[in-house]
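Colleague: One-letter residues, chain by chain:
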Amino acid sequence: MGQTIWQSMQQKGYSRREFLQFCSAAAVIAGLDKSSVGQVVSAFETQSRPAVVWMHFQECTCCSESFIRASHPTVIDVLFDVISLNYTETLMAASGFQAEKSLSDTIRDNKGKYIVLVEGSVPTAEDGVYCMIGGKSGESILQTVTADAAAVIAWGSCASNGCVQGAKPNPTSATPIHKLVDKPVINVPGCPPIADVMMGVVTHLLVLGQMPELDDIGRPKEFYGRRVHDTCYRRPNYDAGLFVEAWDDENARKGYCLYKMGCRGPVTYNACSVVKWNEGTSYPIQSGHGCIGCSEAGFWDNEPFYQHLPSFPGFGIESTADTIGATVGLVTLAGVAAHAVLTNVRKKSVIEEEHQDDQKE
Amino acid sequence: MSTPVIGAAAAKPVANELPADYKRIYVWEFPVRLFHWVTALSIAMLCVTGFLIGHPLHAFYAAEAYQQYWFGWMRFVHFASAFVLVAVSLVRLYWAFRGNQYASWRNFIPLTGAQWKSIWELITVEVLQIKKYGRYHVGHNAMAAFSYFILFLAFLFQTVTGLALYSNMSDARLTHVFNWVVPLMGGDANVRFWHHAVLWIFVLFIIVHVYLVFYDDYVEGGGEMSAMVSGWKFKRDKRED
Amino acid sequence: MARVVVDPITRIEGHLRIEAVVENGVITDAYSAGTMVRGLEIILKGRDPRDAWAFCERVCGVCTTVHALASVRAVEDALGIKVPPTAELIRNIMETTQYIQDHVIHFYQLQALDWVDVVNALKADPKKTAELAQSFSKWPDNTPAYFAGVQDKVKKLAATGLGIFANGYWGHPAYKLPPEANLLAVAHYLDALSWQKEIIKIHAVFGGKNPHPNYLVGGVPCSIDTNEVSAINSDRLNLVAGLINKADEFINQVYIPDVLAIASFYKDWTKYGGGLTNYLSYGEFPTRGYNQPEFFKIPRGVVLNRDLSTVHPVNPRDSEEIKEYIAHSWYSYADGDKVGLQPWKGETKLNYTGPKPPFETLEGFEKYSFLKTPRWKENAMEVGPLSRMIVGYAAGRSDVKEAVGATLSKLNVPVDALYSTLGRIAGRALDAELAMSYLKEFFSDLMVRVKNNDVSTFNGERWDPKSWPADAEGVGMVEAPRGALAHWIKIHNGAIENYQLVVPTTWNGSPRDARGQRSSFEAALIGNPVANLEEPLEILRTIHSFDPCMACAVH
Ligand code: HEM
Ligand code: HEM
Ligand code: NFV
Ligand code: SF4
Ligand code: SF4
Ligand code: F3S
Ligand SMILES: [Mg+2]
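The listed protein sequences correspond, in order, to chains A, B and C. Here the first sequence stands for residues 1 to 361, numbered as in this note's numbering. Here the second sequence stands for residues 1 to 241, numbered as in this note's numbering. Here the third sequence stands for residues 1 to 555, numbered as in this note's numbering.
Hints in this document: simulated from the structure, not taken from any laboratory.
Listing some non-contacts, in silico: residues in chain A with all C-beta distances to chain C over 10 Å: (1) Arg108; (2) Lys113; (3) Leu205; (4) Leu214; (5) Gly218; (6) Glu222; (7) Gly225; (8) Asp230; (9) Lys260; (10) Phe315; (11) Ala326; (12) Thr327; (13) Leu333; (14) Arg346; (15) Lys347; (16) Val350.
Just so you have them, the derived chain B footprint on chain A, three or more residues with Cβ under 8 Å: (17) 239-247; (18) 265-272; (19) 285-297; (20) 302-311; (21) 336-342.
Note that beta-carbon positions come from the ideal geometry of N, C-alpha and C, so glycine has one too.
Could you put the whole structure together from the sequences, leaning on the hints where they help?
Modeller: Next comes the structure, spelled out in structure tokens:
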């Protein structure tokens, strides 16, 4: 412990010049402009590898899996050179009470200085029995662990908005982290979040030693400030009105816009179309499927996915606002027509009266 | 039924003049008429373009992406009409405090017992037609006024949700005032869904409203249709207002 | 007599608690408890069947894709949709890729540290390590300089707190590898971590991302067109071809040799962890459609009582074959807790009756897990790579027999050695080796189709819900990396009426059934030694050999 990144690089035989190169690369990763490299340099020079714990609650572990897919920096770079990851059920050597000891030692020895990464939502129903670790409820563990944390990052849609287990009817009262801890939480949604985005957020925090700028719902603007749609390479087709009309049709092969196949890109804030997935290999739209909105709160309930808009609540899965609107519209037209007939029957006398009055003059 | 009271204008009947018992009243001032027709036009545009944004046509496929921009235009017209509508509504809002009695905001919000009574009377006389006669109204009748109120709310909702959606694609300060809407409604997808759904309130309004204007003119013969152009309505003095 | 509690069991997916009764250094009884539930079967009700794959895929991010595949198969089965052969090939490519990546991560990241002493690796001589490595593999990184670098890296880590390696059972007498073998394994631990993110790019090519690539009822979402830049074209196919070649090298020059090398030091572990004697495989990799299992690469069937002379047929539609019990699970059934339900009639009603947290033990509680207990004709079954090998072997599949035979002879152990903790680990390596060869085959078949321009990837006949019957039921079976997986769906008026998942780790990790029969985890622990009650390394070895996935098991 206590070693700065610069010291560890010196030990590895890196020169000062290489160190500065590394810092400017790190700055670029963190989305900083060149002028802030100075800041980065001093951060790396003075900060030791901070203690980090990674908590697991109601999750599918895809966030952990995504994390190890990172390409710049790689997970090995991060685990050996950037952070001291003292607890993560997925990768740590220790089990059982030795694992619990790693956690409690870290909290005790790094009061106010360690970072908590949370994967998964926490179920609050029934005293928390729907997620228990070591005989303790997830909620009580979360409170203990975050109490003295320097920063809390909520990984993925589970931790930031409840994800799939929070979808209706949310049988376990799966709850996102920011609703349970009263300190600022950095939400990094996505199911899972993009590996390089996760690394970007970690680097941003550690390199600058400060919170990345967050939007109204706690997401780093750096990666969640734009919609998938705003930077999608199929956008010119959208503006031109060129759409895929059916899966694997001619238009699909041409790479037309997937809007009519239900693409949620226009309502989804994420970096997919720029950062892309798996070292820039692709992203959902590039491989032919629309965005399902996996980084948006409650996206599971915006069903069905293959329709531009979700179905109308309470009217069965195939009813859209338009089928209902058109039906009501037709009924209204019919009503109006009926009313016109009724008027001519019932109001005949009144109208005639008026006419006679006029003729009397 | 009381004998018609003969108005001043009827004292000396001339060939081209009004029938004896009609009075000519200036109801719709210019700002109201301007508002009305600009509103009618922009709402029609918003409904058509909005619907097309939700259901893009399966057409124009001959051309390449760089040769056309029709969906982009559709959105442009939607936004342009939206801003026109916002502007003209602000004018109307001002006029609701500044204009004549028929333009006043008081007509629109059913706060008084009399207004509710009048709505009930209209339902019985004009909608269900169980009763034969009701009262004649110079400005809006209370139910029409109420429908404009609903329309106003719907429009307010569209403005707020529309600007919230718009704010996310623009860096304009004005639109960012509406940033709070998205988290409140649970994400862009929901905002968009409701923005789309409320389209149908406008469609229903247009059907009913246009019909009623014709209906009133037909039944009451007060020149409702031309009134929104000229500003003048005609009132028969035989029934109490 | 002592009750040893290990919770959390780490280096698995999810939340597993083991309580083992140890007498005189040997386990005499064991309880396996899944302690997290999300209720996906409840959440799926009423939704569009075409969307179900996305919900189901989120059951697990470790074996991502397999639940999506099971789901689209279930829906296609219910609606009578046949996917085009090209789409079937792409699905096979996705899944073989998943096998390979999943097995490698499991071996190095999740399981190796039970057999490899990281701290002891610091004592190794890098030169001797290189010699050892070169003796069984021609992997280019097997050089003294490389191993010295790795050793350096670990030294530095050790000097600043071991991070993820802290508090391991280092120095435990059950670690048997010499320092050089430990260093070799640590080096490959790091290599595997770098490599896994490469192979999985295949998922990104066809499914847009990993974890959780996209699927589609009726085919796959990507289109193939070698004259278009946005479709799967020569560039994308080249990328996949390159990744396959690299994976092939890694599997055959690193993973398989490492497994054999490490196994040769631990042959005593062919005596422990055998557990159940029944093995189930649903079969996988259709070559002529989902409904022709006789043309699957891996056969479907059951081996009972380790009797390799008979492979029993499996029918998931039969109301008497596969059933789930909840006698010891935190659920309740309308007809009482003793009955078993065929999944089409399955129920998911949470009913926690365990101790209120915080608690010390589950001892004395009738119900002790969120896993239901599946049975095949009332038998407890082991599922997973080992079961696939055993069923394949019994069915006389030549590729399986060859691979199994070669490994047994290299290790110089009899066939019975397979029925053990070590056998399970070896079975998984063989499974990866076979999957690698299938992957190459599927990819070259795909290239043939591309050349012939026979590339339709979607069948849209039943895409529109208006074309569906009012009622339909289907079952989607998959051999997932961890074993037999199936989803049962009932569709009513275009919406999901009932959806039940019975998952590999549900088979293996479940509590006992109404008749008291143990499932795999519990059965396999019995008879294991525990040298030190404070450091129950042996429990981890046997449990890890199953590659538990609790998010899958409970869902
Ligand atoms: C009468 C009033 C309005 C109606 C009926 C209307 C209707 C619609 C409809 C049906 C859509 C398509 C939604 C979808 O299917 O995704 C839409 C989109 C939209 N509307 Fe409106 N709208 C109205 C007013 C406004 C206003 C005042 C604004 C303010 C700027 C606005 C901004 C938008 C925006 C930003 C979109 C999304 C367009 C896109 O992202 O391509 N709308 N509108
Ligand atoms: C898109 C279509 C239309 C919309 C949105 C619309 C909206 C409105 C609104 C908001 C008012 C209240 C005016 C005020 O007091 O500020 C109004 C009144 C009126 N409109 Fe329209 N209008 C539409 C079409 C028409 C058409 C086509 C006509 C005639 C043919 C018409 C005739 C009238 C008349 C006569 C009034 C006064 C009604 C009364 O006495 O209450 N409108 N309309
Ligand atoms: N058990 C299990 Fe899975 C697998 N393989 C799923 O079906 O891991 Ni998450
Ligand atoms: S956010 Fe999605 S990917 Fe991450 S753990 Fe939750 S379900 Fe898995
Ligand atoms: S494919 Fe989706 S994100 Fe891309 S332009 Fe079309 S609607 Fe937008
Ligand atoms: S589905 Fe998710 S991965 Fe990106 S393109 Fe959409 S946010
Ligand atoms: Mg189940």
